[in-house]
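Q: Chain order of the listed sequences is A and B. Sequential numbering from 1 applies to the first sequence in the working numbering. Sequential numbering from 1001 applies to the second sequence in the working numbering.
Since the hints were derived computationally from the structure, they do not count as laboratory data. For glycine and all other residues, C-beta sits at the position ideal for the given N, C-alpha and C. Any given hint might turn out to be false.
[Unchecked claim] With beta-carbon atoms standing in for the labels, derived distance ranges:
| no. | chain 1 | residue 1 | chain 2 | residue 2 | range |
| --- | --- | --- | --- | --- | --- |
| 1 | A | Pro-132 | B | Ala-1153 | 56 to 62 Å |
| 2 | A | Pro-132 | B | Ile-1261 | 31 to 37 Å |
| 3 | B | Thr-1113 | A | Arg-373 | 40 to 46 Å |
| 4 | B | Lys-1167 | A | Thr-243 | 37 to 43 Å |
| 5 | A | Arg-373 | B | His-1109 | 52 to 58 Å |
| 6 | B | Ala-1153 | A | Lys-167 | 52 to 58 Å |
| 7 | A | Pro-468 | B | Thr-1113 | 35 to 41 Å |
| 8 | A | Pro-273 | B | Ser-1154 | 53 to 59 Å |
| 9 | A | Asp-425 | B | Ser-1154 | 42 to 48 Å |
| 10 | A | Lys-49 | B | Ala-1388 | 50 to 56 Å |
[Said to hold, decoys possible] With a Cα cut of at most 35 Å, we get these calculated DSBU-like pairs of lysine-lysine:
| no. | chain 1 | residue 1 | chain 2 | residue 2 |
| --- | --- | --- | --- | --- |
| 11 | A | Lys-439 | B | Lys-1104 |
| 12 | A | Lys-439 | B | Lys-1250 |
| 13 | B | Lys-1193 | B | Lys-1444 |
| 14 | A | Lys-250 | B | Lys-1035 |
| 15 | B | Lys-1250 | A | Lys-150 |
| 16 | B | Lys-1439 | A | Lys-444 |
| 17 | B | Lys-1444 | A | Lys-439 |
| 18 | B | Lys-1049 | A | Lys-444 |
| 19 | A | Lys-167 | B | Lys-1444 |
| 20 | B | Lys-1439 | B | Lys-1167 |
| 21 | A | Lys-104 | B | Lys-1133 |
| 22 | B | Lys-1049 | A | Lys-167 |
| 23 | B | Lys-1104 | A | Lys-250 |
| 24 | B | Lys-1193 | B | Lys-1250 |
| 25 | A | Lys-104 | B | Lys-1104 |
| 26 | A | Lys-35 | A | Lys-104 |
| 27 | A | Lys-250 | B | Lys-1439 |
| 28 | A | Lys-133 | B | Lys-1444 |
| 29 | A | Lys-439 | B | Lys-1439 |
| 30 | B | Lys-1250 | A | Lys-104 |
| 31 | A | Lys-133 | B | Lys-1104 |
| 32 | A | Lys-439 | B | Lys-1150 |
| 33 | B | Lys-1104 | B | Lys-1250 |
| 34 | A | Lys-250 | A | Lys-150 |
| 35 | A | Lys-439 | B | Lys-1167 |
| 36 | A | Lys-150 | A | Lys-193 |
| 37 | A | Lys-167 | A | Lys-193 |
| 38 | A | Lys-167 | B | Lys-1439 |
| 39 | A | Lys-444 | B | Lys-1167 |
| 40 | A | Lys-167 | A | Lys-439 |
There are 2 protein chains.
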Amino acid sequence: MHTTPSRRRIALAAAGLMLGLSISLPLSAQSFEAKDLVAAEALREAGLKSGLAYELVDSLVTEIGPRPAGSLNDQRAVDWAVAQLQRLGFANVRAEAVPLRAWKRGDAHAHVTAPFPQPLVMTALGNSVATPKEGIHAEIAYYADLDALKADASDRAHGRIVFIDQKTERTRDARGYGRAVAARIQAPLEAAKRGALAVAIRSIGTDRDRLAHTGATRYAEGVTRIPAVAVSVPDADLIARMTRYGQPIKMHLALQAEGGIAAVSHNVIAEIPGSERPEEIVMIGAHLDSWDLGPGALDDGAGVGIVTAAARLMLEAGLRPRRTVRVVLFANEENGFDGANAYAEKYKSQVHQFVGESDLGAGLVYRFQSRVRAEALPAIQRIAEALAPLGIAPGSNEATPGPDAALLMRRNAWPALELSQDGSDYFDWHHTPNDTLDKIDPAKLRQNVAAWAVMAWLAAQSPLAFGPMPAAAPAAGAARP
Amino acid sequence: MHTTPSRRRIALAAAGLMLGLSISLPLSAQSFEAKDLVAAEALREAGLKSGLAYELVDSLVTEIGPRPAGSLNDQRAVDWAVAQLQRLGFANVRAEAVPLRAWKRGDAHAHVTAPFPQPLVMTALGNSVATPKEGIHAEIAYYADLDALKADASDRAHGRIVFIDQKTERTRDARGYGRAVAARIQAPLEAAKRGALAVAIRSIGTDRDRLAHTGATRYAEGVTRIPAVAVSVPDADLIARMTRYGQPIKMHLALQAEGGIAAVSHNVIAEIPGSERPEEIVMIGAHLDSWDLGPGALDDGAGVGIVTAAARLMLEAGLRPRRTVRVVLFANEENGFDGANAYAEKYKSQVHQFVGESDLGAGLVYRFQSRVRAEALPAIQRIAEALAPLGIAPGSNEATPGPDAALLMRRNAWPALELSQDGSDYFDWHHTPNDTLDKIDPAKLRQNVAAWAVMAWLAAQSPLAFGPMPAAAPAAGAARP
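With the rest of the complex left out, here is chain A (with noise of 0.2 Å):
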């Protein structure tokens, strides 16, 4: 999952809304047919007990392992992924090409030269700029978090290497995330314009492992390009202790790296063919590529895992949906969301019933959240009973789904539907090499395919359309990959 700050304030600003609304709303005509809240039973029960998504992710992890986006690996895994939903009997099953620039990391080396010589684990934070071969030496500027850098109107990191010790914060959502990853974002743009040679910040990760956490960064036109880097959380400790001792802290940092490659991903979908109103769309996403340094088990693994399985369960069951449920693997999520604008961009004359991703990890479904037109409700309202047996609560109608498919929402106007997983520990492994199997809980994972299928198969069946949209309110803004 890749989170800008924008998304997290739209969620927090929705907090208090609930779905009481629906209650005054007139049920009779509205209502879902019987058996098709029987069906959504027996999807529940069935995903509770299925494998296949466990299977799944442990398939991907195992035969492909890391594939950043554009990479031999990234086309593996839309070969692979093609394979297995042709071979769980999806219909129109298909890649569709995206072309993007990729970003490829190189040797990287940073260790502190003075207090005290320390080698420092770390890594290029996406799309960053390599240093001269020789590397780059210089003293540290020290500033606790990026609003200190913001505030700071000296000339203080002029000709240096500035570090900035934002700490993240242990949420059950993301929002401690949101909260810390503009830090990575900014980073090389606000120390740019302050006239530092390279960027340092402590890794976006809530663990205290010696790994250091990537993700993507950003330059801005007219502003000096220069290199930018995460360092383990120990080994920012480290950094934030020298400072103690009151003498400067010399920094060398050498890495190699290439941006603006051009190559081709693809976005892999499948599909289970709506009976009455083929033309509508129920899309239920996640994400085929990882970042390079692991692979990809949570992010997005879980979540390609999740929503094949969920939608498997209809075919399975012998399930005809009303509306079209399509499954949708998205390119590029991580480093340019190319993916998620080329599909908004094919499909946006498609009537979408709702867009979601599962995209934050293997964490148990805690919360059921819409985004949908007022109309719609009373069917909202009673999947979130159908999803209750499963632990989860209702939210707001003001939900943020997963990161490609929050892209779509706001570009294209369509409702959107959101299954909020916890993520307590999900930013302890998130983009580093420790995103591995081992850190999924079969368990879990199931009780996320029961709420998915559930949640897609009453979506495709209501009475009610969800959309259309009311005219966008501003603060939902456009798409800020």
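Starting from the structure of chain A, add chain B where the hints point.
A: For chain B alone, kept in the frame of chain A given last:
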């Protein structure tokens, strides 16, 4: 800490024998003086308030960091220790030269090439020879554990890279580690005897982090020396999963390393001279060296801090012990016990009231054990009573102190005392880059300091001599570094 299987077997054998024996002995003329018991209580309370141990570990890992024996950083650590011990007011502070043969890690890379190309997180085991420069590319011969390899009389390992998937069980004491570590120590020998080209083991560790655990391994005369590495636990899982596909698994392994480097390190020693029997030594130790992968906060920065702070409490209280209290910070515990052997030789004729060592991290002390002559058990019982308020229970009279002290105990038949630490999480971080300051809880460290101060003080004041020990039983055997 470096532990050999033999040491663990002794601990296991001792599990039943408790201290009840002492109750039947006369206590009158053998009692501690009341003022000494009062002083022990004061030391205990002062220890629980002392921040010195944490300050020392902080200083060591911040200013020095990794300090493998014979390295420049090892020498810097020796200088650091001498300066600290002098600053703290100890007498007879000295660094005693310890010649040794150092081993130096070089670059290392490994990946699976078939059936699915995947990178592997791995590290060379200590003392490993290098591969040819172009590396070794061969099929893996998978063994579930060392016993499976030992039981294999076939030629399956011949011309292959042996992989040993030995699991490490989490236990409060080091027993789980003790049972698993033979796979690390004996792997290259057992694999080479069967014609293997190299050997890789699952890291001997209880974590699931993408960090490999190093540690010493051994070669034997007359058996080919083959390269030996450990892969991280998740990478071992990956290899195990690949075996399910029934296809040959191939690995490429390239590592550089250099052994047999002539070097000198030092045992660093400081004393509080005894007032009545200065020639009798209460020896509390730790080891100053660490592995190269991390700063050795737990292994054994914590021990260095604990025993130094414990002795310092006596100076701060103005106490003058009857026997000499000697702090010994050993050289090269990790890869050869050169410091312990040098100490054993140099001081073999000196009476040691006991030898002890803190080297299992920074967990709470939960047990106090002894290995003293039977006549001294009433004193041991009284020490146990003084430790009880710290939550420390009495154990057996078959103590196994830390590894350097255990070598001294066996080689010179010296009495020993042991403060058993809770090591439940120690092997999550042991011998990895993750052995950093954040893994230490300062409150737990203070409990350790209090316990060591009480134990060392009362042993120094004891009306009973703890030795000489009866003739060594064959089970204790010779030291096996």
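Q: Now tell me, hint by hint, if it's right for this structure.
A: The hints, checked one at a time:
1. At about 58 Å, the CB distance of Pro-132 of chain A to Ala-1153 of chain B agrees with the hint of 56 to 62 Å.
2. Checked against the hint of 31 to 37 Å, the pair Pro-132 of chain A and Ile-1261 of chain B passes, with Cβ atoms roughly 33 Å apart.
3. In this structure the supplied range 40 to 46 Å is violated for Thr-1113 of chain B paired with Arg-373 of chain A, their Cβ-Cβ distance being about 54 Å.
4. Checking the proposed 37 to 43 Å range against Lys-1167 of chain B and Thr-243 of chain A shows it holds: the Cβ atoms sit about 42 Å from each other.
5. Against the hinted window of 52 to 58 Å, the Cβ-Cβ separation of Arg-373 of chain A and His-1109 of chain B comes to about 56 Å, which satisfies the hint.
6. Between Ala-1153 of chain B and Lys-167 of chain A the beta carbon distance is about 57 Å. The supplied range of 52 to 58 Å therefore holds.
7. At roughly 53 Å, the beta-carbon separation of Pro-468 of chain A and Thr-1113 of chain B lies outside the given 35 to 41 Å, and the hint is violated.
8. The supplied range of 53 to 59 Å is met by Pro-273 of chain A and Ser-1154 of chain B, whose beta-carbon atoms lie about 55 Å from each other.
9. At roughly 43 Å, the beta-carbon separation of Asp-425 of chain A and Ser-1154 of chain B lies within the given 42 to 48 Å, and the hint holds.
10. Checked against the hint of 50 to 56 Å, the pair Lys-49 of chain A and Ala-1388 of chain B passes, with Cβ atoms roughly 52 Å apart.
11. Among the hinted pairs, Lys-439 of chain A with Lys-1104 of chain B is consistent with the structure: their alpha-carbon atoms are about 34 Å apart, no more than 35 Å.
12. Among the hinted pairs, Lys-439 of chain A with Lys-1250 of chain B is consistent with the structure: their alpha-carbon atoms are about 26 Å apart, no more than 35 Å.
13. Of the pairs offered as hints, the one joining Lys-1193 of chain B and Lys-1444 of chain B is violated, with about 45 Å between alpha carbons and a cut-off of 35 Å exceeded.
14. As the CA atoms of Lys-250 of chain A and Lys-1035 of chain B are separated by approximately 53 Å, the hinted pair breaks the 35 Å bound.
15. The hinted pair formed by Lys-1250 of chain B and Lys-150 of chain A fails the criterion: a straight-line CA distance of about 51 Å is larger than 35 Å.
16. Between Lys-1439 of chain B and Lys-444 of chain A the CA atoms are separated by roughly 29 Å; this keeps the pair inside 35 Å, and the hint holds.
17. For a cut-off of 35 Å, the pair hint linking Lys-1444 of chain B to Lys-439 of chain A stands: about 29 Å separates their Cα positions.
18. Taking the CA atoms of Lys-1049 of chain B and Lys-444 of chain A, the gap is about 44 Å. The hint is violated against a cut of 35 Å.
19. Of the pairs offered as hints, the one joining Lys-167 of chain A and Lys-1444 of chain B holds, with about 25 Å between alpha carbons and a cut-off of 35 Å not exceeded.
20. Between the alpha carbons of Lys-1439 of chain B and Lys-1167 of chain B the distance comes to roughly 23 Å, so the proposed pair stays at or under 35 Å and holds.
21. Straight-line distance between C-alpha atoms of Lys-104 of chain A and Lys-1133 of chain B comes to about 26 Å, which keeps the hinted pair within the 35 Å bound.
22. With a CA separation close to 29 Å, the supplied pair Lys-1049 of chain B and Lys-167 of chain A stays within the 35 Å bound.
23. In summary, the hint linking Lys-1104 of chain B to Lys-250 of chain A is supported, as the alpha carbons are separated by about 26 Å, within the 35 Å threshold.
24. Using a Cα cut-off of 35 Å, the hinted pair Lys-1193 of chain B and Lys-1250 of chain B holds, with the two alpha carbons roughly 21 Å apart.
25. For a cut-off of 35 Å, the pair hint linking Lys-104 of chain A to Lys-1104 of chain B stands: about 31 Å separates their Cα positions.
26. Restraint check: the Cα-Cα separation between Lys-35 of chain A and Lys-104 of chain A comes to about 52 Å, which exceeds 35 Å; the hinted pair is violated.
27. Between Lys-250 of chain A and Lys-1439 of chain B, the direct Cα distance comes to roughly 26 Å. Compliance with the 35 Å bound is thereby established for this hinted pair.
28. Between Lys-133 of chain A and Lys-1444 of chain B, the direct Cα distance comes to roughly 46 Å. Violation of the 35 Å bound is thereby established for this hinted pair.
29. Taking the CA atoms of Lys-439 of chain A and Lys-1439 of chain B, the gap is near 21 Å; set against the 35 Å cutoff, the hint holds.
30. Between the alpha carbons of Lys-1250 of chain B and Lys-104 of chain A the distance comes to roughly 26 Å, so the proposed pair stays at or under 35 Å and holds.
31. For a cut-off of 35 Å, the pair hint linking Lys-133 of chain A to Lys-1104 of chain B stands: about 26 Å separates their Cα positions.
32. Distance hint between Lys-439 of chain A and Lys-1150 of chain B is fulfilled; the C-alpha atoms sit about 32 Å from each other, no more than 35 Å.
33. For the given pair, Lys-1104 of chain B sits about 27 Å from Lys-1250 of chain B by alpha-carbon distance, which is consistent with the 35 Å threshold.
34. Among the hinted pairs, Lys-250 of chain A with Lys-150 of chain A is consistent with the structure: their alpha-carbon atoms are about 22 Å apart, no more than 35 Å.
35. Note on Lys-439 of chain A and Lys-1167 of chain B: the hinted pairing holds, with a Cα-Cα distance of about 17 Å set against a maximum of 35 Å.
36. A hinted pair counts as satisfied when its Cα atoms are at most 35 Å apart, and Lys-150 of chain A with Lys-193 of chain A qualifies at roughly 10 Å.
37. Straight-line distance between C-alpha atoms of Lys-167 of chain A and Lys-193 of chain A comes to about 23 Å, which keeps the hinted pair within the 35 Å bound.
38. Distance hint between Lys-167 of chain A and Lys-1439 of chain B is fulfilled; the C-alpha atoms sit about 17 Å from each other, no more than 35 Å.
39. A hinted pair counts as satisfied when its Cα atoms are at most 35 Å apart, and Lys-444 of chain A with Lys-1167 of chain B qualifies at roughly 25 Å.
40. Note on Lys-167 of chain A and Lys-439 of chain A: the hinted pairing holds, with a Cα-Cα distance of about 23 Å set against a maximum of 35 Å.
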